[in-house]
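Novice: Given next are the chains, with one letter for each unit.
There are 2 protein chains.
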Amino acid sequence: MNTGYTIRVITAQHGGKEDLVTFLLCVSYVILSLPLSPSLPGGYNEYGTSGVGGRAAGVNGNGPTKLVDPLEDPVPGVGTYEDFNTIDWVREKSKDRDRHREITSKSRQSTVALLHSVSDAFSGWLLMLLVGLMSGALAGGIDISAHWLTDMKEGVCLNGFWFNHEHCCWTSNETTFQERDRCPQWKSWAELITGATEGPFAYIVNYLMYIVWALLFSFLAVTLVRAFAPYACGSGIPEIKTILSGFIIRGYLGKWTLIIKTITLVLAVSSGLSLGKEGPLVHVACCCANILCHLFTKYRKNEAKRREVLSAAAAVGVSVAFGAPIGGVLFSLEEVSYYFPLKTLWRSFFAALVAAFTLRSINPFGNSRLVLFYVEFHAPWHLLELAPFILLGIFGGLWGALFIRANIAWCRRRKSTRLGHYPIIEVLVVAGFTALLSYPNSYTRMSGAELISELFNDCSLLDSSQLCGYQQVSCPSNISETGVGNTLADRPAGPGLYTALWQLALALVFKMMITVVTFGMKVPSGLFIPSMAVGAIAGRLLGVGMEQLAYYNHDWIIFKGWCSPGADCITPGLYAMVGAAACLGGVTRMTVSLVVIMFELTGGLEYIVPLMAATMTSKWVADAFGREGIYEAHIRLNGYPFLEPKEEFEHNSLAVDVMRPRRADPALAVLTQEGMTVGEVESLVESTHYSGFPVVVSQESQRLVGFVLRRDLLISIDNARQRQEGVVSASQVVFTEHAPSQAPDAPPPLRLRGILDLSPFTVTDHTPMDITVDIFRKLGLRQCLVTHNGRLLGIITKKDILKHMAQIANRDPDSILFN
Amino acid sequence: MNTGYTIRVITAQHGGKEDLVTFLLCVSYVILSLPLSPSLPGGYNEYGTSGVGGRAAGVNGNGPTKLVDPLEDPVPGVGTYEDFNTIDWVREKSKDRDRHREITSKSRQSTVALLHSVSDAFSGWLLMLLVGLMSGALAGGIDISAHWLTDMKEGVCLNGFWFNHEHCCWTSNETTFQERDRCPQWKSWAELITGATEGPFAYIVNYLMYIVWALLFSFLAVTLVRAFAPYACGSGIPEIKTILSGFIIRGYLGKWTLIIKTITLVLAVSSGLSLGKEGPLVHVACCCANILCHLFTKYRKNEAKRREVLSAAAAVGVSVAFGAPIGGVLFSLEEVSYYFPLKTLWRSFFAALVAAFTLRSINPFGNSRLVLFYVEFHAPWHLLELAPFILLGIFGGLWGALFIRANIAWCRRRKSTRLGHYPIIEVLVVAGFTALLSYPNSYTRMSGAELISELFNDCSLLDSSQLCGYQQVSCPSNISETGVGNTLADRPAGPGLYTALWQLALALVFKMMITVVTFGMKVPSGLFIPSMAVGAIAGRLLGVGMEQLAYYNHDWIIFKGWCSPGADCITPGLYAMVGAAACLGGVTRMTVSLVVIMFELTGGLEYIVPLMAATMTSKWVADAFGREGIYEAHIRLNGYPFLEPKEEFEHNSLAVDVMRPRRADPALAVLTQEGMTVGEVESLVESTHYSGFPVVVSQESQRLVGFVLRRDLLISIDNARQRQEGVVSASQVVFTEHAPSQAPDAPPPLRLRGILDLSPFTVTDHTPMDITVDIFRKLGLRQCLVTHNGRLLGIITKKDILKHMAQIANRDPDSILFN
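Residue numbers (full-length UniProt numbering), protein chains in the order written: chain G, 1 to 819; chain W, 1 to 819.
Be careful, since some hints might not be right.
Any copy will do: because identical chains look the same in the list, a pair fits if it lies in one copy or spans two.
Result set (DMTMM-like, lysine to aspartate or glutamate): computed pairs, CA atoms no more than 20 Å apart in a straight line [unchecked claim]:
(1) Lys343 with Glu632
(2) Lys778 with Glu648
(3) Lys803 with Asp623
(4) Lys415 with Glu191
Calculated directly from the structure, the hints in this document are not laboratory data.
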């Protein structure tokens, strides 16, 4: 692994970063020293262990048993889950409360136990601190490496190949302020290979080198992902949403995923593909959190507690991606989390702050600013400008809806046709095509983040950027009249600006097309930056248009009074920002968190109203075409069992319409609390594929006693057959408290009350489905039994509900793959 | 009512505020034109109608029936609640979904219905807009009036008595920048009465006038509250928390409460009592929301939907109190709300923004700033300063815990002794005492908000405030060496500052004492400002101490390197801010929302870490002495049925331990689904006081069919006896779908399946109480039935749970008064 080394080399330039390097090395050590092969019974180290090649942790692994307290957990494996299954939130939370009660009651007995209790109480905060530090450090490393590799496509520094363009020229004394990024130490590839700095030949050499590097980076990225961690591809947010809702995907947040995702993310971003690193940073932060959970028993052993940490980690991811801790917490709350108690709110906030400050102390942008795009606008906005802002919102909503449709259609095509068999070729073709088309246009050649930064920027008089190519107006005739002499006044567009506008328009079309095919390829790819880039370009175009309209028609009634000549009345950068928010909102359907993230970028409450207007419009417009955001659409595409917490269940069906067995089906498979033999139970279990069985008083009365899970039943019977003497197929299985009397020569009964859930959730057959869905969502249930007048009638699982919902929406109910 | 007039006169000074005045008049008109006496069946206009004298809305009022759709609601009154009762969230939400489904299905039939459906969808947003506008306008009016009346205590403007001190001198041309608030038009009372401006005689006259005005204002405030709206006293936040959790207190959010609270709040703040207007503004905003809910059927008729609006209104209240919209939303989420779906998050955010902008356009502080305390610090903080910040956190926590204990003890004393019988005398004594002691000390004489503002302020060189009475150091010898010439460098304290410090120390002791007896009196009183003032004083004292320590001992190892002479290394204003946050955190146990509110005041992420450290320490320290914040303590004091959503239920009891009937009690009172006569049912209902009865198949089987509410049962039987022919005491009551066959000469049966809840919630007797409590909290249940092996065993109500929790905590279980 050379990550530690790479980061060391690069950060060494930043001076005084020894602490960071030491920290990173420690982190790498911790990661690498974690056990590579799964050694605990399944479920204990769920995500962290496997990952290489997607190998799932062995469910009945016979590893060292020292961690299994025989008193705490009599039969190893009972109470754990299989891969691609849904957890039972109620059971997990109850388990944690039991654990906590035990620690509290013990703490009164001895000082050691008291210390244990205190350390247990603070372990959550410590974990958050570690997650913040590690994610912040990793994000800093990714930023620095991506910057370096991106510059590598254009040239190399003679002082040392590990310098990026900017740092290379910082050390040079020969540069002036104006030509900061031109210095003799930095050689473009054409200069280095042929010696030519200008002319068509040098251009072609640079062009070719650009394409070669892009192909190389993307090839490396896709190969690494394919070879070591298939889960490292994509943005990861759909899967994290599903995991947070209670699903289990082993290895998805493991250390190999973390290592490979970190490396390939840098490569993918540097290759110039139309993707961002912000979404994947959420995945990276969640991997960090999951790995660090292994240091604390409380979180290692409990699926619900771990999900609280992962929710906080999602906040951390956005916090480091944009430098917006509050926005990050709201993102986690609004967009990804399922169960978000207040405690998690406090902890996420703490972790997000720690991460943001770690990132700032690494200072990857070299400006000691926390935020990715720092903007400062000078002019307020006028109420009439709400019209173009709402227009941008409509554009954002339309583009969001269109993008989701096109992208899902393309991904479905990839899944169903031969296209999906050649992921490496696909990536290479798209990367090559992107590089080929983007090099000639300076707005597509620069990275997405740079482009957005430039589009958000307000033009000052000194600005040499093409976007600020206005004509210099010496002194408008009426300045003396109005007395408003503003150095930032609206000016007529010059030829430079017109060129820039054409290039931007082309870039807009190109970005809109290429992003559709890029998102979903087998490389890490985020959607935040590409969506924002599309919106920012559209916004800037509209902004400049408005500005020119106001300049040339300042006597129109709508401009009168607030946009007289010589006034700085329209800020195209603000339009770009509003457009970016609108497009991102249309694609992801975020609202509050998006506005808060943008608010943290500008730091001014002033611009909240335009942002709010645009994101709300965008959400409403996009919702009119389909209520799913891109992440929900991808969840559905993958068939994960995700019960959307935002949408209301509108249909008026009853529990009896959804439950199994249906009227034509055979009767429900139930166990009786006594009277069945081990052989009978085994044959019943084997003849069905259900994950659990209700236990009733007797077949005749059908009065419910409890519920037993298939997995627990099988493990317990296996265990009893192996360890308990005399348990044979003819042994009675007993779920009652006291064993019934039986013939003296009968084999000893197998008592299984310990694995029986005595408090299964029940609803009556007349319960409306909207209430049932609400119960499932709020309590995080996996199944619920249906009764009629006290008799057991059937069962509803999460999958049944999702299938029912798919049916109502005229979709294929068999697209729900997992339970 | 002269509120409209007062506000008009005052706002007229602000120029171009005709829109506002028009708006306010419209609002007043809307309020006053709402029906004064309750005319609808109870529950339809729950809070808005009554209020005068706490008169509860008539439960069986026979008002106009035009609003009761006979098809929608066959028996008027069924499905409503009595006063001081808990609502059933599940039923309310289900009702709303039914309504929504109906509208949606109708909307496909005609254009009118489609328009109705669209307007229904947008009514929530419209309501939010109105709430924001109205609350923002009211808050602006309150700010302006309180400012005016406060100045009235010291003198009067000759240009017009309606000018406050600042505005009086604005219009004067004779003042210079330095002496902005000294102008000939403004006369102190001594000047006006005796003509003397200086000397002990003038001082005494002013002193006396100050006390007289304070007594007058407080007398008016307490008399108005006593006479017209007893619910207008206090901060209102404990009651709003309880209402949001699903409790009903009729008249608490009515229009009389709103009108009286607005007026008396201004009077109470102006009287100089140690109280703030920030907490009561939450109550005012909630009243606005509740009143405006009457304009929309969707919200008028549904208790759950109304509570969503009230949650948003709580956010609006804090948004206008501090000018912190995001902090307000988080306050609502963290501190007061119970059910806070994402939709409410978006809407609260919108309403909070609208309110903040309305307030800004009124511009009550005259500085076109949104925030109450605008601060700008120039120096960053050093890591070592975390030690004093944490010290402030400890102080805040200790003060918070101490304050809660002392205040609750005092309030309990007021409730149980004769003290409570003389609220007017109590208020007058406290107000007189406060005025007497606070006049001589300039830091207690100024209002709490002004004091905090001054304490937060960073001293610039030109600052003439006593707190900035540093010695002028011309040029420290080593400035040329270090090259750090800072105009804001730390300087030695001068005599002015020493005087200020003594006065501040006295003010601290005074505020700490007087706030304990002030909070809880029968006037509107908020706790935010007094708590913040205590913390700000303590923080400023510590800050100045640190500054002087660093100045005189800059060679100490801890100051070396960052606090050399001539550097501006310690900002006492920041300490004041951290102290304020710590004390407020200790009293209310807010964390994230508090930090975000403070962040919105400064606008810099820089200072989040000190704030976070202090508030977290404060919370932990205070929690060690008792886990309740001041609001929860007051809820418990009043015996409201509030199920704290933050705390985990730690005890390991089972549902069977909590349910009624207990082992020694008589059997559970149940109805059978057929076979009982109307007379039998009535005698059963009358012989018990339960709010509802389970319906079983038969007395022998005890298999559960459904649950029927006492109120619904009584109303239906009454209704049937009046309107349905042949229903007599001997009629059979039938809950089954098909009426059983009976003798031809028997009276017709009374069919009551319509009021039977066929999907009552059940848990088994073995369900751990922690899970049961979780179900109650998350689903908002009122009661839950307990079964064993399919047979009905008992019932658990919210009150039973609260009593059980009180018992575990060794408190009196009978302190829970309501169900």
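Novice: The structure should be examined with respect to each hint, and the outcome stated for every one.
Specialist: Structure-based check of each hint:
In this assembly of identical chains, the alpha carbons of Lys343 and Glu632 lie at most 20 Å apart only when taken from different copies (17 Å versus 26 Å within one copy). For a Cα distance limit of 20 Å, the shortest separation of Lys778 from Glu648 qualifies both inside one copy, at 13 Å, and across copies, at 16 Å. In this homomeric assembly, Lys803 and Asp623 never come within 20 Å of each other (Cα to Cα): the closest approach is 22 Å inside a single copy and 46 Å across copies. In the homo-oligomer, the alpha carbons of Lys415 and Glu191 never lie at most 20 Å apart, since the shortest distance is 45 Å inside one protomer and 89 Å across protomers.
When the structure is compared with the earlier hints, violations turn up for hints 3, 4 and for no others.
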